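Engineer: These are the residues of each chain, in order.
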Amino acid sequence: MSRESVLRERGADWLRTMVRIRRFEEKLAELHRSGELVGVVHLSIGQEATAVGICSSLRPGDQITSTHRGHHHMLARGLEPRRMYAEILGRAGGYCGGKGGSMHVSSFSEGAVGANGIVGGGIAHAVGLALAAQKLGKGSVAVAFFGDGAANQGVLFESLNLAALWQVPVLFVCENNGYTEFTPTDAVTAGGSIFARAAIFGLPAEAVDGDDVIAVHRAADEALARARNGGGPAFIECRTNRWRGHHEGEESYARPYREPPRPPDPLDRLEQAMAGAGLDAAQLRSTIELEERALVAESLAAARAEPEPETSRAFEDVFA
Amino acid sequence: MSRESVLRERGADWLRTMVRIRRFEEKLAELHRSGELVGVVHLSIGQEATAVGICSSLRPGDQITSTHRGHHHMLARGLEPRRMYAEILGRAGGYCGGKGGSMHVSSFSEGAVGANGIVGGGIAHAVGLALAAQKLGKGSVAVAFFGDGAANQGVLFESLNLAALWQVPVLFVCENNGYTEFTPTDAVTAGGSIFARAAIFGLPAEAVDGDDVIAVHRAADEALARARNGGGPAFIECRTNRWRGHHEGEESYARPYREPPRPPDPLDRLEQAMAGAGLDAAQLRSTIELEERALVAESLAAARAEPEPETSRAFEDVFA
Amino acid sequence: MSAVEAPSQAKRLAPALADAISQCMRDDPRVIVWGEDVRIGVMGPTRGLADEFGPERVVDCPISEAAFVGAAVGAAVGGLRPVVDIMFSSFAYVAFDQLANQAGRLRYMTGGQLAVPLVVVGSAGAAGSNAAQHSEVPSALFLQAGGLRVVFPSTPHQAFWLMRAAVESDDPVVVLHHPALAAARGSVTPEPLGLGDAQVDPVGTDVSVFATGMMAHRARAAARSLEAEGISVEVVDVCSLSPMPWDVILASVEKTGRAVVVDEGRLTCSVASEIAAGLAERAFGALRTGIRRLAVPDVPIPFAPNLEQAVIPGEDDIATAAREAVRG
Amino acid sequence: MSAVEAPSQAKRLAPALADAISQCMRDDPRVIVWGEDVRIGVMGPTRGLADEFGPERVVDCPISEAAFVGAAVGAAVGGLRPVVDIMFSSFAYVAFDQLANQAGRLRYMTGGQLAVPLVVVGSAGAAGSNAAQHSEVPSALFLQAGGLRVVFPSTPHQAFWLMRAAVESDDPVVVLHHPALAAARGSVTPEPLGLGDAQVDPVGTDVSVFATGMMAHRARAAARSLEAEGISVEVVDVCSLSPMPWDVILASVEKTGRAVVVDEGRLTCSVASEIAAGLAERAFGALRTGIRRLAVPDVPIPFAPNLEQAVIPGEDDIATAAREAVRG
Ligand SMILES: Cc1ncc(C[n+]2csc(CCOP(=O)(O)OP(=O)(O)O)c2C)c(N)n1
Ligand SMILES: Cc1ncc(C[n+]2csc(CCOP(=O)(O)OP(=O)(O)O)c2C)c(N)n1
Ligand SMILES: [Mg+2]
Ligand SMILES: [Mg+2]
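Protein chains in written order, with the working numbering: chain A, 1 to 320; chain B, 321 to 640; chain C, 641 to 968; chain D, 969 to 1296.
In short, the hints are calculated from the structure, not lab data. One or more hints might be untrue.
Facing chain D, a subset of chain A residues (Cβ under 8 Å, in silico) [unchecked claim]:
#1 Gly117
#2 Gly154
#3 Tyr179
#4 Thr311
Label-pair restraints from in silico Cβ distances [unchecked claim]:
#5 Leu136(A) - Phe635(B): 50 to 56 Å
#6 Pro581(B) - Glu692(C): 27 to 33 Å
#7 Asp887(C) - Pro997(D): 57 to 63 Å
If you want the footprint, here are the derived chain D segments under chain C, 3+ residues with CB under 8 Å [unchecked claim]:
#8 1064 to 1073
#9 1242 to 1253
Just so we're clear, the structure is a prediction, and the values are computed from it rather than from any experiment. Note that CB positions come from ideal geometry on N, CA and C, so glycine has one too.
The following block holds chain A by itself, in its conformation from the complex:
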């Protein structure tokens, strides 16, 4: 399908989701500054195109595993801002009843199996989810999101080997934002590009411009179509950028604190691409902005109005 027709067909949805992620997280930054949001929060601002490009290739029943920096994956997978805010604010109505918080937002019924606070912790889970889907004939796929820093965890290599041996429908998505917390990942990563590490296991592996939602979507579509047809696993390295720090509030200790560089905004890039495709993108953008800002505001208000969890809930859900 031509770039134009893809944009005409899906551009508006993509733009809406990307705007939603941006505005949703900007509010979290405010809440953290004001002290209303407790715990550690890692924002994905700047990485919207990667999450949206990948997740817009998913179908109902497909499953993702995510990371400590996973709000964008969850919103792109279709989770409700209200219940996400409720979770992140520790309210009873949160997706996890307030027991997970920012690092563990998940909605099993919607295929968001779990965000993980252990770097690399969720990668092997996706291999198992894909195996289950295959053995149970579900026809669904699994996607493992992880960062460039996670690419140095041994369990990634083991998982790639296992996925290649089992030929299960799993897509490994390395969201390369250049940083391992405060350390430029290049400084702790020997050898060539990260995607080359997957290639040695015989997986189709490539790197794409992670800030170009169309490029990400195309790569995902191709890999997932192959996986659904029994073609086995694949690996996509999405080169993107982390606009904010590692986590909110780090200025308090991370001296000398530097604002990370601001590459072209993936939202603007999509808007421009749509304009280039002859769509009235500016008009659309302003409508979407109005609607999403409103949605985010209402969602937050609704979440704030929620009660905290019943204390008794603290002692439940360890065992089935």
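Position chains B, C and D with the ligands relative to chain A; hints supplied.
Structural biologist: Just chains B, C and D with the ligands now, with coordinates in the frame of chain A:
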């Protein structure tokens, strides 16, 4: 140096050590059959050339880490058959006072830092030993021996990355005998050759005929010379063969039990190469056989005569 | 699942584990087995399964414990019921994050949205000079890790029923089996045992001895020898460690007033310590003497046979402790 | 090492850890620090060290815990004295084999041929809604693992001296520090503390409360409030968990006859259970009432502030348990 001159210079020593390993371990097989040797014992028969080729490039002060199948590494490093037998038979005079046994024979003072019962467990240790040697200006190198099965352990990949980043004098030696216990390693190893897994971290990596002691020695000499001169880590995959099963006594349960294939004997190959180089190899071989059989027999007799460890020793050596 | 027929004739322990798994595999196509060399069944619990169920359901894995335990967690969440043979349970340390921080946390962190019906089976204990990395009993590590069920059968009957219960459980369960008991014979009777059960045998009145695995056998032997001395020992085989059968444990000490806790794990923060602490807290009034713990001192397991024997509680040690508890 | 000057003025806890490390680095060129983002010093104990010692001795690592802890084991064996910041101590599960089966076994397996002078420092405890994977206190796992020393300072004074002792020790030592106490102030006096020490404060006569880290602070606060009720509480801050200061622990209960053990770890096979078991075994005659354990129940740490508070023992819980122990 030409093949001939290398053989003239070192062939006799190599042959002697390889014969020693073979006869030493044949006795262990007998002891296991007779029930005198308790515990699990993994023999290296067939893999002598790899251990001898690598260790004959080492100098005093260099250090090795080994595996559950490590007798050949230890003998090639110069450990005494008597104290090794004593250790493997659980006697007080063993290298570890009888507390380690077959899987943990080690002689710290002779640079044999430790054999590991955890597959992959000793690989990272060698990286650290090499770092220590570098920082303390020892001028020594470290060698990590591990098997083809260990090449699927995540810690190997992590260790390769770390060694490449730190540029420490460590040599990774993958002793590829084709088997992960009873499973042909190819069946659980995706992608190309094992040495290619090291290359992606930017390490010089190659595969050699592990049953050709000259080839192994040449590769090791080159890699270690480079490492000593600040050239950093390297990786050698030695393709060899495991003549016996995974461990002695496995026929009791490993049905259908198949005798593994018998490739040309690395000892005979060396003898023939020496003959080809104009040396009186047959004569030398028979002398060495006589002497080494005698040494092995005396060593075993001496070890058998040793007392068992004082019971009090069981409660010592946890902490310094 | 369908009605169970317990293998009637006398069985050995490891085959009883395999019987239970194969029954579950027949009953439930979601049950799948993996690990290293599970087709040959090096460790026992999976031996013979490949013949009946083939390589699709009995899968040999690379030496990648973190990934294949992690994959099992994902597969369990995704609807399979994986049974992973980790070989020696101390190899689980390589995959400890996946057990403790993943299998043991996911259900809770997601507020109960998902379950992790996973079984990890591994040997625990000294088989005779396998040395420090292949001999220890890490049951306390799995208990302290949290979110995991743990069972440690000492007889074929316990092995069969507890493995069945483990595979049928919707929770992650660690099944430990003692390598030196793999060939222990016994009949598997139709009376089921489940998670949270204990077996009291013999029943006694003077002193309670709590033990699992090989220690339970030594406790029973000690009980027999003390009977001759006129000391009536009650042996509580705590074959389910999580859930811990506190009702049985407390009732026994309420009756005898004396407790000896035996453990093949290391003493500090051991299962023995947990049982002793629970008794000191909840049965203090019934206690007539101090609680005695017998466990491996805080040392690794040495290789030499005489040293190995020196660090693991023996029948005589148990008899002596029980005698002291009664005679003071 | 050269004579120590303890930082005279009032200090905060995390900087006191850093002070101790930097003194050791000045005294001994073999001391080298690594881990993730140790140059920025995200977690506190390494903050500022890079400025003085540079990237050669303060090394930022990839996210490869198994390998960089394993490399530290090797480096320690090879003659360096690595101090590894593992960040949150629960991340050590990823490297658990290297800690338990390697650092904790190598000396023993080799019959004492080598030593492993390694320090692993990590935070332990709830800082406030960091949820299940970033909040727990795994001290019992490190104790049960065997072969490791473990300390858990609750004050800057303890932090400074115990970190020094850890770096100077020839054994692997796990140094835990509570994230919510990183900024706790206190003076570091010249009276050294070492491995195996405890701090008794306040001294009391009616009941002994044993605690570490944040729980020690809550125990001291409870002691103050109970004083008003005429109950004299002795708080034993067990800042060294291995070696465990049994002499101090037993002496305290011989005096008071009553024990409350508080733990921010999960209850089963916890440090609280170990101390209770040791008392039930070795101080039974002195006990006038059952031993009370306060710990996190066997659940992960939840995110929501009210839930987190509900699972961790608070000052009131401690006061209530101590009051019950005394008044029955
Ligand atoms: C096993 C483990 N080690 C370390 C950490 C601490 N940590 C949290 S995020 C992070 C950096 C992860 O980098 P990357 O994978 O690139 O993800 P990003 O933060 O860039 O999204 C680290 C080291 C952790 N959570 N888990
Ligand atoms: C972590 C771990 N997993 C599994 C084992 C059991 N095991 C012992 S040897 C072995 C096979 C190792 O294969 P390889 O590395 O090729 O060495 P080889 O036996 O061929 O010399 C296995 C799986 C172990 N000891 N440690
Ligand atoms: Mg990153
Ligand atoms: Mg092999």
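Engineer: If a hint holds in the structure, say so; if it doesn't, say that too.
Structural biologist: Here is what the structure says about each hint:
The interface hint given for Gly117(A) is met, as the beta carbon of that residue sits about 4 Å from the closest beta carbon of chain D, less than 8 Å. Interface restraint check: Gly154(A) against chain D, minimum CB-CB distance 6 Å, threshold 8 Å, status holds. Interface hint at Tyr179(A): violated, since its Cβ lies 10 Å from the closest Cβ of chain D, which is beyond the 8 Å cut-off. For Thr311(A), the suggested interface contact is upheld, since its CB lies about 5 Å from the closest CB of chain D, less than 8 Å.
Restraint check, Leu136(A) to Phe635(B): a C-beta distance of roughly 53 Å satisfies the suggested window 50 to 56 Å. In this structure the supplied range 27 to 33 Å holds for Pro581(B) paired with Glu692(C), their Cβ-Cβ distance being about 30 Å. Distance hint check for Asp887(C) and Pro997(D): the Cβ-Cβ separation is about 60 Å, which falls inside the suggested range of 57 to 63 Å. With a cut-off of 8 Å between beta carbons, the stretch 1064 to 1073 of chain D has 6 residues touching chain C; three or more are needed, and the interface restraint holds.
For the stretch 1242 to 1253 of chain D, the assignment as covered by chain C holds, since 10 residues bring a beta-carbon within under 8 Å of that chain's beta-carbons and 3 suffice.
The structure fails hint 3 only (numbered hints given earlier).
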